[in-house]
Amino acid sequence: MASLIRLSSVWQRGMRPVLLCHTQLSRGSACPRIGDVDYTEPAGRIHTASSSTGISASQHWTGERVMTLVLLGMAPAAYLCPGPVVDYSIAAALTMHGHWGIGQVLTDYVHGEVKIKLAKVGIFLLSTATFFGLCYFNYNDVGLCKAVVMLWQK
Amino acid sequence: MALLLRTVARQGLYSSRSQFGVLYRHAVPMGTTSNEEMDKFWAKNTRLNRPMSPHMTIYKWSVPMAMSISHRGTGIALSSGISAFALAALVLPESYPYYLDLIHSLTFGPQFLAFSKFALAFPVVYHTYNGIRHLAWDAGKGFKIPEVYRSGYVVLGLTVLTSIGLAAM
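Protein sequences, first through last, are from chains H and S.
Quick note: the first sequence uses our numbering, first residue 817, plus one each step.
Quick note: the second sequence uses our numbering, first residue 6, plus one each step.
Only chain H is shown next, with the shape it has when bound in the complex (with noise of 0.2 Å):
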């Protein structure tokens, strides 16, 4: 498209056709663009789409990826310091993490639109109940970091 617009500025200078003379290629390129800005606006306008939704699926998988680093680092935070806050953090990251895992298996081998769909929507049912029964777990029994220490010890 750029080559395209390049070659119709130099028509629009009344040269002779750029294809019948190689030599003349290099300088038509380095000709100045008068009224540039008119052909590079639909360029621009493509190239500058951006989509619907607030965040881009490379942003998503950069923040899959950084749930991923921040789970890792919570085991050796509940072995150091157990406690409210690392209970309830594991519990949103487990769920974050396990949401995001089983909604890949989901894409990768469930078909169809409306078995898509049903899908997305079980598994965002399933992990909400899961997020909310942890952060039960938390709040009215042991907390998590203590039930395996209790499950471990005996």
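Since the hints were derived computationally from the structure, they do not count as laboratory data.
One should not assume that every hint holds.
Said to hold, decoys possible - Below, computed lysine-lysine pairings styled on DSSO-like, alpha-carbon distance capped at 27 Å:
1) K49(S) / K933(H)
2) K65(S) / K149(S)
3) K931(H) / K122(S)
4) K933(H) / K65(S)
5) K146(S) / K65(S)
6) K962(H) / K122(S)
7) K936(H) / K65(S)
8) K49(S) / K931(H)
Assemble the complex: chain H is given as a structure, and chain S must be docked to it using the hints.
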């Protein structure tokens, strides 16, 4: 694009001045997404009734293949286990120590206890180490085939050793 260039070149041969309207008249749609291209591809395959090449039935098993499937399997198992634990916390009436004592009264001895600890620790440790391996791949490191096999064996060795160590606690 070639057709577009040829059309504009033909216009240029006839007259030294060319209007920009030529581009609009012969422009082809350039905004199709990859999803639309994929849908057209599969619709064409379905319409022509093309057979699918054999893939799952002829692949030979390898260490990276088995480890990738195991990573996904342990991920699904752990996620399901966490969800089951959370839903049980919401539903069951008694507290955690009560059910822990209940499970403890059912066990049959220290060997069973050690094996249970190993069985619980193994998928967690495997998923964690292989997850680090996947993060290295996401960073673009370790893609050569000998490196893939080497990191696979390292993950397996570390998984066994760490699981035994955790079970022995």
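Any of the earlier hints contradicted here, and which numbers?
-> 3, 4 and 7
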